[in-house]
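**Student:** The lines below spell out each chain.
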Amino acid sequence: MAKKVAFLQGNEAAAQGALYAGCKFFAGYPITPSTEVAEVMSVELPKIGGKFIQMEDEIGAMAALLGGALGGAKALTSTSGPGLSLKQELIGYGCIAEIPCVIINVMRGGPSTGMPTGPSQSDIMSAKWGTHGDHPAICLVPASVQELFEETVRAFNLAEKYRTPVMVMPDEIVGHMRERVVFPEPGELEVIDRAAPTVEPAQYKPYDTSFGDVPPLAAFGSGYKFHVTGLNKLPDGFPTTKAEYVQAEEERQVRKVEGNADDIMKWEEYKCDDAEIIIVAFGSTSRSARFAVDQAREQGIKAGLFRLITFWPFPEKRILELSKKVKAFITPEMNLGMATGVVKAAVEGNAPVLGIFRVDGEPINPGQILDKMKEVK
Amino acid sequence: MAYDYEKFIRPGKLPHIWCPGCGHGIVMKGLIRAIDACGLKKENTAIVSGIGCASRLPGYMDCCTLHTAHGRAAAFATGVKMSRPEMDVILVGGDGDGTAIGGNHFIHACRRNINMTYIILNNKIYGMTGGQFSPATPTGDKASTTPYGNPDPAFDIAKLAIGAGATFVARGTAFHANQIDKLIAEAIQHKGFSVVEILDDCPTTYGRRNKFKSVIEMMNHLKDIAVPVKAAEKMSPEQLKGKVLTGVLYKEDKPEYCEQYAKVIERAQAAK
Chain Y
1 MAKKVAFLQG
11 NEAAAQGALY
21 AGCKFFAGYP
31 ITPSTEVAEV
41 MSVELPKIGG
51 KFIQMEDEIG
61 AMAALLGGAL
71 GGAKALTSTS
81 GPGLSLKQEL
91 IGYGCIAEIP
101 CVIINVMRGG
111 PSTGMPTGPS
121 QSDIMSAKWG
131 THGDHPAICL
141 VPASVQELFE
151 ETVRAFNLAE
161 KYRTPVMVMP
171 DEIVGHMRER
181 VVFPEPGELE
191 VIDRAAPTVE
201 PAQYKPYDTS
211 FGDVPPLAAF
221 GSGYKFHVTG
231 LNKLPDGFPT
241 TKAEYVQAEE
251 ERQVRKVEGN
261 ADDIMKWEEY
271 KCDDAEIIIV
281 AFGSTSRSAR
291 FAVDQAREQG
301 IKAGLFRLIT
311 FWPFPEKRIL
321 ELSKKVKAFI
331 TPEMNLGMAT
341 GVVKAAVEGN
351 APVLGIFRVD
361 GEPINPGQIL
371 DKMKEVK
Chain V
1 MAYDYEKFIR
11 PGKLPHIWCP
21 GCGHGIVMKG
31 LIRAIDACGL
41 KKENTAIVSG
51 IGCASRLPGY
61 MDCCTLHTAH
71 GRAAAFATGV
81 KMSRPEMDVI
91 LVGGDGDGTA
101 IGGNHFIHAC
111 RRNINMTYII
121 LNNKIYGMTG
131 GQFSPATPTG
141 DKASTTPYGN
151 PDPAFDIAKL
161 AIGAGATFVA
171 RGTAFHANQI
181 DKLIAEAIQH
191 KGFSVVEILD
201 DCPTTYGRRN
211 KFKSVIEMMN
221 HLKDIAVPVK
231 AAEKMSPEQL
241 KGKVLTGVLY
251 KEDKPEYCEQ
261 YAKVIERAQA
271 AK
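If you read the protein sequences in the order shown, they are chains Y and V.
The numbering used here puts the first residue of the first sequence at 1, with every later residue one more than the last.
The numbering used here puts the first residue of the second sequence at 1, with every later residue one more than the last.
There is no bait here: all hints are sound.
Here are the simulated DSS-like pairs of lysine-lysine, each with C-alpha atoms no more than 27 Å apart in a straight line:
id, chain 1, residue 1, chain 2, residue 2
1, Y, Lys205, V, Lys42
2, V, Lys254, Y, Lys47
3, Y, Lys256, Y, Lys205
4, V, Lys7, Y, Lys205
5, V, Lys263, Y, Lys47
6, Y, Lys24, V, Lys191
7, Y, Lys24, V, Lys263
8, Y, Lys24, V, Lys41
9, Y, Lys205, V, Lys13
10, Y, Lys47, V, Lys191
11, Y, Lys24, V, Lys42
12, V, Lys13, Y, Lys242
13, Y, Lys205, V, Lys41
14, Y, Lys302, Y, Lys372
To give an idea of the interface, some chain Y residues facing chain V are shown, with a C-beta separation under 7 Å as derived from the structure:
id, residue
15, Gly49
16, Ile53
17, Gly60
18, Ala63
19, Ala64
20, Gly221
21, Gly223
22, Val228
Honestly, the hints are just simulated from the structure, not real lab data.
Cβ atoms here follow ideal geometry from the backbone N, Cα and C, with glycine treated the same way.
Work out the full structure, taking the sequences as your base and the hints as a guide.
**Tutor:** Here it is as structure tokens:
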């Protein structure tokens, strides 16, 4: 049988990806340019017996999301910059209480209300540093409608596998563009469900590290009684201020992501093998970069594209390796240098990192990138 | 025979954090008797709170307990209830947590009429942070942040709940301990969003700033101001001045949210 093919908007594809992954719960609040995710979920979830709720505000949506996830559902919310800022405290709650959930944040101009309908890539630091305290961060940055579908599936898998909130951050262009999507057959993409407890309810502890860095999470209402808090906690979930527990737990929470970065990270290297100039880009900007690389090759410039699909954890080791054999990196991005700073830190001074920054609501075009390549000595 | 509270208390979690003379323990005992009387199953009962002294209550209860972030109990609980409509969901929190930082979630939970019970322990102060005024602190009272007297008017929390659409609203006091379990039990049995406000005392951060010489004086004050709804019907406005109505203040049957959403599912599936 021929596969289902559809001409979808990015945000619609994100919602379809969530449904493919087994999402049964959505809590959200309307915000441009992500609202279509909520709209599709409001149509599709009740058809499969799932639940959709539009909450009173962004914070309430994040809270309901965590509550729904604790009830055992694979849970999704969608938002954009101002909403992401409002959700941050509870994203931290999800990290410390270790509640799997997925946040689709369609990046628009900021700060504050900024440019609601304009594209941006300026939330990538919020994905890692937006909530207070040390915590794990997983942030996926797809560049096409098909990839937004597939990375949303992977976001659920990572959330369930590592028991933590995961962010998918298409820029507004990827969120709103329309492209052909080939729906994978059921079973074609891996779908991971959270590990269920293997012990009897009386023995269950929600943070029992004898099961490893990612202890199994029981669902409320499934026969297991346990306590969940946003305070630093003991293996049984109850608060503690004991230094040795707090230190070990904070380190474990970060380690379960950083220590498994090789499993989480994803990138694409395009013509990087002999490249003297490597463009590091993500999202819609990487599409301009690929075009610029092809144009540069035609002109005899050995250019390559390192396309980030995971922004956090960041593939700093690979960037460091590449930095030893290139003349320069070019980092086009729709912000004032966020990824550029991360790349600079990764290259440890081995090569210059030349940024191209746009925050005017216009995409970075291939010509800009090509011009920058010609500045490389 | 003395009532066995321990069957609902988590082993090893007492003593609680509350100060001597605080009424929160009285409310917790009332809640335990109510849960018992209603025949709720511990593993099927979620008790959800925000942040503050009252919000520490769920930790002592041997149920599914969720100690959330400041003000967010109602929103977290809404997610739990939507995800698991078969669970009994009870919220516990203070006046500041529920009606200041959590005010928006509170009124919208009332509006949706989702089948949960919210017990608000109103001691008119932020106790855990040391006694700052809350939306329930009366005008003129002293708090650590109203050293010259509170300029703010106070919420009537029960009226707020009724106005926002809660379909069962009751009020009791920590003094009237034997009434607490009955009010909470009736709230739990009500289908829809129910609110039980319990007027409570905070001798440590409110009483001593506001000329209460002892816990007994605070408890006697609760006794003096409380007027049962029925008794109030026979009293004049002058006689009711400074008094607070107690008992079941409001009850109404309206469509419940999870049932309404079940109808959404039916309609969506019929249209498929």
